[in-house]
Amino acid sequence: MLKILMTRFKQGCRTLAFPKGKLPVLPVRYRGRPIVAGQGDSVDLGKITFIPDSGIRHSNDFRMATSRREDLILKGDIDALAFTVNQKIVKMFGRSLKLRQVSAGGCNACEADINVLNTPVFDLSRFGVQFVASPRHADGMVVTGPVTRNMREALLKTYEATPDPKIVIAVGACAISGGIFSNSPESSKGLDTIIPVDLYIPGCPPHPLTTLDGLLRLMGRLKNRQTGP
Amino acid sequence: MELFNGGHVSLKDIPVLAEKEFRDEVLLRCHEGARLANLFGSPEDGGGVRLIAILALDEESELQILSTKISAESPRYKSLTKELLQAHLFEREIAEQWAVTPVGHPWLKPVRYHVNYRGVPDLWKDIAQRTIPGSYPFYAVGGEEVHEVGVGPVHAGIIEPGHFRFQCHGEEVMHLEIQLGYQHRGIEPLMCGKDLKHGVLLSESIAGDTSIGHSTAFCEVVESLAGCTVPLKAQAIRAIALELERLANHVGDLGALGMDAGFLPTSAYFGRMRGDYLNLLLELTGNRFGKGLCRPGGVLFDMDIAMAEDFCRKLKRYKKEFEEVSDLLFTRPSVLARFEGIGVVPLKIAKSLGLVGPAARASQVEHDVRIDHSSGIWQFYHVPISLAATGDVYARALVRRQEVMRSLEFLMKLLPSLPKGEISVPVGPLKTETLAVSLVEGWRGEIMHAGITDSQGALIRYKIKDPSFHNWFALTLAMRSQEISDFPLCNKSFNLSYCGHDL
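Chains as they are written, first to last, in our numbering: chain D, 8 to 236; chain Z, 12 to 514.
Rather than coming from a laboratory, the hints here were simulated on the basis of the structure.
The model shown is predicted, which means the values in this text are computed figures rather than measured ones.
The reader is advised that the hints may include incorrect statements.
[To be verified] Below, simulated BS3-like cross-link-like pairs (lysine-lysine); rule was C-alpha separation at most 27 angstroms, straight line: (1) Z/K331 / D/K17; (2) Z/K208 / D/K54; (3) Z/K330 / D/K17; (4) Z/K330 / D/K10; (5) D/K54 / Z/K205; (6) Z/K120 / D/K164; (7) Z/K331 / D/K10; (8) Z/K136 / D/K164; (9) Z/K327 / D/K17.
[Stated by the list, open to error] Chain Z regions said to be covered by chain D (calculated; three or more residues, Cβ under 8 angstroms): (10) 133-143; (11) 305-312.
Note that CB positions come from ideal geometry on N, CA and C, so glycine has one too.
With these hints in hand, go ahead and build the complete structure from the sequences.
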């Protein structure tokens with residue numbers, strides 16, 4: 008018992024202050040929100056997989072979530088991502104959100120970095136967000152993976168089993184557009200071709216802070232400020 | 012035909028034996044101690060299939076390749092499984108991918124539920140029209156007091172999909188049948204062609220938590236086919252990333268095991284500590300899983316002396332922390348009572364199934380690719396093998412703890428003495444009609460990639476073997492006569508990849 012207490016004392020409190028205080032700064036090589044150079048260029052955050060050798064320049068900003076698919080397409084003349092807050096969702100789920108996670112063909116990177124939100128550094132439960140064991144207990148679904156042909160029925164059944172009103176969150180390039188598997192006959196071209204989506208979190212996988220930032224915006228916990236340099 | 016890890020051989024030099032000779036040779040050599048590391052089909056002109064077997068002689072650090080040809084007119088051969096249990100899943104996969112029947116296979120069922128690659132009628136009617144892989148008559152035990160429990164594909168936690176069907180009598184599990192295939196994305200066909208960039212990106216996503224393992228294996232196959240030598244510094248950086256991946260996953264697993272035994276302090280601490288190693292990968296590669304690091308010819312990110320020293324300092328701190336927290340877990344009587352004697356896989360079964368990785372080493376199987384088939388930087392640095400005797404959940408946890416300590420020691424030896432030089436060389440055209448093989452000790456076990464080129468130097472067949480391909484059946488056997496409430500613990504102690512199996 009003494010050892011448990013001693014270790015607890017040594018481990019201390021490791022929870023990040025985010026969203027309070029200064030924005031956490033990620034390492035230099037982290038590839039965040041793309042910087043679109045020319046006036047006519049555009050980058051679709053839902054399709055790119057944030058690799059270093061794509062020719063796209065990336066900033067260090069991890070805030071990339073949007074509530075509409077079209078807002079993921081960054082154009083050269085706008086330098087911020089829009090996030091349209093749905094007031095109905097804020098009213099219903101702003102203080103308590105129970106989520107069911109469905110892995111529909113994900114490679115486990117998105118799943119692992121969602122799982123990490125439950126650990127002390129990010130501590131999702133302090134915001135009233137919790138992952139539950141059954142869709143019957145849930146307010147919404149978090150889906151990862153390109154929705155493989157073999158998971159389609161299970162995904163739809165889980166969606167139907169979640170009681171209304173419900174929300175759907177797509178995490179990762181695969182869930183948003185099929186990602187790197189979009190040209191495979193076994194995968195879909197994105198979750199929103201199957202069910203309506205309320206929150207898009209781009210990345211491959213999204214950094215846990217990107218996911219956390221997206222969830223907090225959805226719940227109306229962050230001021231509706233634009234993301235910017 | 013002998014080969015080494017990272018070697019290649021011209022297709023015409025691979026011995027082609029008659030079907031009976033092939034069968035007898037494979038069975039004889041495996042009986043004498045070889046391990047069936049791979050058995051797969053490759054398309055031939057004329058609609059036939061060439062079956063290629065890669066046997067591993069771990070003590071001699073050698074691989075042996077044999078093949079036989081199956082004609083399109085008579086797509087069947089006598090199954091090896093009854094005499095060689097290790098072949099069971101390979102034969103089912105060949106049956107599904109190539110519509111070639113292994114006659115006499117004791118349990119022929121599909122693996123991933125997709126249409127075959129030859130475009131001929133599949134062995135199972137309407138295989139790709141079924142709405143879900145689980146709609147299949149599971150093995151059932153008769154009796155009034157027997158009940159069936161089905162779990163999945165959508166599981167209670169944040170985890171990949173798979174279906175588990177238990178036949179139980181009260182709390183005791185009589186039989187567990189595991190149904191996978193839900194994650195099937197069709198990666199092997201996507202790998203074919205000339206686009207190596209697309210290939211390496213796919214390899215990073217075969218199993219996201221084994222990004223470095225699989226992308227290293229892919230790069231080594233391409234480098235072998237192109238005949239290029241990767242600079243030592245790049246090999247060192249790949250090894251650093253591979254070990255960081257191993258550390259992150261083993262630490263995460265120990266946390267999860269603690270949680271399933273109901274001991275929460277260590278699950279919280281290990282959960283956070285896993286992030287420390289992922290953040291080191293983030294600093295090195297810009298991605299917490301190392302996606303974007305390995306490319307054919309080398310690596311994309313360099314490590315200078317300042318970064319190496321910084322990593323060394325951090326790892327020293329993390330080592331001390333790990334020792335303290337794991338001591339807390341392993342000396343707790345309530346945790347040990349949950350771990351010991353649960354989910355035992357005896358050595359005999361581990362060997363007959365051809366298990367790999369920490370799960371095999373926990374049953375005393377002495378096999379580690381870094382030692383048996385060392386390539387790259389592993390030829391210069393030795394990591395002692397981590398073994399355990401009892402083959403239960405405790406042994407699998409213990410092997411992970413030992414591997415964490417040894418990986419930390421290895422990194423602290425390598426980082427201060429990083430080789431100098433370039434991190435990448437250009438990759439020329441690939442040799443034509445050649446097969447190349449690479450093995451990597453991923454954190455779950457032996458990863459093997461094999462690539463075959465056509466007469467233009469494009470990939471015509473790419474075979475991916477994740478270590479989970481061997482190990483899933485071990486979970487089935489480990490659960491026999493166990494209590495169903497121990498299932499999450501057993502499952503976590505193996506922690507196998509669903510998507511690595513499903514491709």
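Structure-based check of all given hints:
no., hint, result
1, Z/K331 / D/K17, "12 angstroms, holds"
2, Z/K208 / D/K54, "16 angstroms, holds"
3, Z/K330 / D/K17, "15 angstroms, holds"
4, Z/K330 / D/K10, "18 angstroms, holds"
5, D/K54 / Z/K205, "22 angstroms, holds"
6, Z/K120 / D/K164, "25 angstroms, holds"
7, Z/K331 / D/K10, "15 angstroms, holds"
8, Z/K136 / D/K164, "25 angstroms, holds"
9, Z/K327 / D/K17, "17 angstroms, holds"
10, 133-143, "holds (count 3)"
11, 305-312, "holds (count 3)"
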